[in-house]
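Number of protein chains: 2
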Amino acid sequence: MSEKGERSREHILATAKRLVMDKGFAGTSIDDILKAAGVSKGAFFHHFRSKADLASQLMRWHSAQDIRMFRDLAARAEALHDDPYEQLQFYLKAFEGYISNPTEPSRGCMYAVYTYESEAFDEDVNDVVAETLREWSAIYIRKFQEVIDRYPPARPVTAKELAEMIVSLIEGGLILQRAYGNTAITARQSEHFRAYLDMLFAPSMAASN
Amino acid sequence: MSEKGERSREHILATAKRLVMDKGFAGTSIDDILKAAGVSKGAFFHHFRSKADLASQLMRWHSAQDIRMFRDLAARAEALHDDPYEQLQFYLKAFEGYISNPTEPSRGCMYAVYTYESEAFDEDVNDVVAETLREWSAIYIRKFQEVIDRYPPARPVTAKELAEMIVSLIEGGLILQRAYGNTAITARQSEHFRAYLDMLFAPSMAASN
Numbered sequence: 001m002s003e004k005g006e007r008s009r010e011h012i013l014a015t016a017k018r019l020v021m022d023k024g025f026a027g028t029s030i031d032d033i034l035k036a037a038g039v040s041k042g043a044f045f046h047h048f049r050s051k052a053d054l055a056s057q058l059m060r061w062h063s064a065q066d067i068r069m070f071r072d073l074a075a076r077a078e079a080l081h082d083d084p085y086e087q088l089q090f091y092l093k094a095f096e097g098y099i100s101n102p103t104e105p106s107r108g109c110m111y112a113v114y115t116y117e118s119e120a121f122d123e124d125v126n127d128v129v130a131e132t133l134r135e136w137s138a139i140y141i142r143k144f145q146e147v148i149d150r151y152p153p154a155r156p157v158t159a160k161e162l163a164e165m166i167v168s169l170i171e172g173g174l175i176l177q178r179a180y181g182n183t184a185i186t187a188r189q190s191e192h193f194r195a196y197l198d199m200l201f202a203p204s205m206a207a208s209n
Numbered sequence: 001m002s003e004k005g006e007r008s009r010e011h012i013l014a015t016a017k018r019l020v021m022d023k024g025f026a027g028t029s030i031d032d033i034l035k036a037a038g039v040s041k042g043a044f045f046h047h048f049r050s051k052a053d054l055a056s057q058l059m060r061w062h063s064a065q066d067i068r069m070f071r072d073l074a075a076r077a078e079a080l081h082d083d084p085y086e087q088l089q090f091y092l093k094a095f096e097g098y099i100s101n102p103t104e105p106s107r108g109c110m111y112a113v114y115t116y117e118s119e120a121f122d123e124d125v126n127d128v129v130a131e132t133l134r135e136w137s138a139i140y141i142r143k144f145q146e147v148i149d150r151y152p153p154a155r156p157v158t159a160k161e162l163a164e165m166i167v168s169l170i171e172g173g174l175i176l177q178r179a180y181g182n183t184a185i186t187a188r189q190s191e192h193f194r195a196y197l198d199m200l201f202a203p204s205m206a207a208s209n
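Here the protein sequences line up with chains Y and B, keeping their order. The opening residue of the first sequence carries number 1 in UniProt numbering; numbering runs sequentially from there. The opening residue of the second sequence carries number 1 in UniProt numbering; numbering runs sequentially from there.
Derived from the structure by calculation, the hints contain no laboratory data. Quantities reported herein were computed from a predicted structural model and do not represent experimental measurements. Be careful, since some hints might not be right.
No copy is singled out in the list; a pair is fine if it fits within one copy or between any two copies.
Straight-line C-alpha distance at most 25 angstroms; calculated DMTMM-like pairs for lysine to aspartate or glutamate [stated by the list, open to error]:
{"#": "1", "residue 1": "Lys4", "residue 2": "Glu131"}
{"#": "2", "residue 1": "Lys35", "residue 2": "Glu86"}
{"#": "3", "residue 1": "Lys93", "residue 2": "Glu123"}
{"#": "4", "residue 1": "Lys35", "residue 2": "Asp53"}
{"#": "5", "residue 1": "Lys160", "residue 2": "Glu96"}
{"#": "6", "residue 1": "Lys41", "residue 2": "Asp82"}
{"#": "7", "residue 1": "Lys17", "residue 2": "Asp122"}
{"#": "8", "residue 1": "Lys51", "residue 2": "Asp149"}
{"#": "9", "residue 1": "Lys160", "residue 2": "Asp83"}
{"#": "10", "residue 1": "Lys35", "residue 2": "Glu104"}
{"#": "11", "residue 1": "Lys51", "residue 2": "Asp22"}
{"#": "12", "residue 1": "Lys41", "residue 2": "Glu78"}
{"#": "13", "residue 1": "Lys160", "residue 2": "Glu135"}
{"#": "14", "residue 1": "Lys93", "residue 2": "Asp124"}
{"#": "15", "residue 1": "Lys35", "residue 2": "Asp124"}
{"#": "16", "residue 1": "Lys35", "residue 2": "Glu3"}
{"#": "17", "residue 1": "Lys4", "residue 2": "Asp122"}
{"#": "18", "residue 1": "Lys4", "residue 2": "Glu86"}
{"#": "19", "residue 1": "Lys51", "residue 2": "Asp32"}
{"#": "20", "residue 1": "Lys93", "residue 2": "Glu135"}
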């Protein structure tokens, strides 16, 4: 696709994402998107065969961006710190800054939207959602495993359990954040989770110093 | 309303709830509900003025049921145990049993559905959602406060922080549960949370015995 064509596709996808995050996928019509994006029906159907095709491209586009962001954060954490616990703290704190940005309040999570409208999507789209959640979790699992290997936790806990916990806290925090209109809630969950990590790992970190 | 009328209303609401949990609110048409419930248009409009009125009645009906269930669990916990920590454990475990029931798998959380389609609902409906989440959280806050008052935690933590954490874990766990098709995930989050509570409160419980 030409650069201009790709820009036009991304403009439509970004507009669709904003609308879908406010009204859900079924609640967003193609006409809503055309109007909000200021594009013609022809331009839309040049890029998307149907609303189902938009659903699929939107999730794949969002997922690729999202995973790239998390991988970048993890890479920055690793570049800046040698100690796996410090890397983990950096990674969690960087996400807290991102998710509570008051000038660009997070509208929530696209995976949650798709998950709650799962019957409306083709199986392969639902598979992309589950696969992306797994990829995102895998970044946490890797970081937690490195910490557990270096600093035996105060009680038996697996990297997978911890990863599932922080992913759930973020997803649940975003729901409360939307319901209460308070952009601080998800970051607060992550901070609380870091306090729990301190209880788990501080004793063996102290012992190793 | 006559008993028969109320039964008919509840039948329509229960059917609508099931459909909304699978496809979202916007994705569920009145025709879908009529078909799935096996009722006539006349019967539907006898109870509901419009789809917006259904949205409002559905949330109020669900919210009343849900809060009653949580209050019943808390009352049972208090009837069976004197110690606030044992009450809390009972309350959390009872919910774990309910949410992971494999014969009637939880479809997720209605508040999450409404929260993610918030633009589609009147302000008063969104207010009911936020108010219900606060009422639900208040039950946890009360139980946590009783525990904190009896057993000073190993690190400073407020009842509200703990309540927000378990509510987020449940909401986020339900998203993963749906995405992965695994009914055990939310209960696992709650178990993990109980392990965290043990780290917080076991030292002062041991000291008080």
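Note to self: For Lys51 and Asp22, with the copy left unspecified, which applies at a CA distance of at most 25 angstroms: within, between, both, or neither?
What the structure shows: Both: 17 angstroms inside a copy, 19 angstroms across copies.
Check: Between copies, within a copy, both or neither: which fits Lys35 and Asp53 at Cα up to 25 angstroms?
Finding: For Lys35 and Asp53, the Cα distance is within 25 angstroms only inside one copy (19 angstroms; across copies 28 angstroms).
Next item on the list: State whether the alpha carbon distance between Lys51 and Asp149 is at most 25 angstroms within one copy, between copies, both, or neither.
Entry: Neither way: Lys51 and Asp149 sit 47 angstroms apart in one copy and 55 angstroms across, limit 25 angstroms.
Next item on the list: State whether the alpha carbon distance between Lys35 and Glu86 is at most 25 angstroms within one copy, between copies, both, or neither.
Entry: neither (47 angstroms within a copy, 57 angstroms between copies)
Note to self: Reference check for the pair Lys160 and Glu135, CA-CA at most 25 angstroms: within, between, both, or neither?
What the structure shows: Classified as within; 12 angstroms inside a copy, 32 angstroms across copies.
Checklist line | Copy assignment of Lys17 with Asp122, given that the CA separation must stay at most 25 angstroms | finding: both (18 angstroms within a copy, 22 angstroms between copies)
Next item on the list: Since the copies are identical, ignore which copy is meant and state whether Lys93 and Glu123 lie within 25 angstroms (CA to CA) inside a copy, between copies, both or neither.
Entry: Neither: 35 angstroms inside a copy, 34 angstroms across copies.
Notebook entry, point to check: Between the shortest in-copy and the shortest cross-copy C-alpha distance, which are at most 25 angstroms for Lys35 and Asp124: within, between, both, or neither?
Noted result: So Lys35 and Asp124 fail the 25 angstroms test inside a copy (29 angstroms) and across (28 angstroms) alike.
Check: Checking Lys41 and Glu78: alpha-carbon separation at most 25 angstroms within a copy, between copies, both or neither?
Finding: Classified as neither: same-chain Cα gap 46 angstroms, cross-chain 61 angstroms, threshold 25 angstroms.
Next item on the list: Please work out whether the CA atoms of Lys4 and Glu131 approach to 25 angstroms or closer within one copy, between two copies, in both situations, or in neither?
Entry: Close neither inside one copy (30 angstroms) nor across copies (47 angstroms); limit 25 angstroms.
Notebook entry, point to check: What label fits Lys160 with Asp83 when the C-alpha limit is 25 angstroms: within, between, both, or neither?
Noted result: within (20 angstroms within a copy, 33 angstroms between copies)
Next item on the list: Measure nothing new, just compare the shortest in-copy and cross-copy C-alpha distances for Lys35 and Glu3 to 25 angstroms and report within, between, both or neither.
Entry: Within one copy, since 23 angstroms is at most 25 angstroms while 48 angstroms is not.
Consistency with the previously given hints fails for numbers 1, 2, 3, 6, 8, 12, 14, 15, 17, 18, ordered from lowest to highest.
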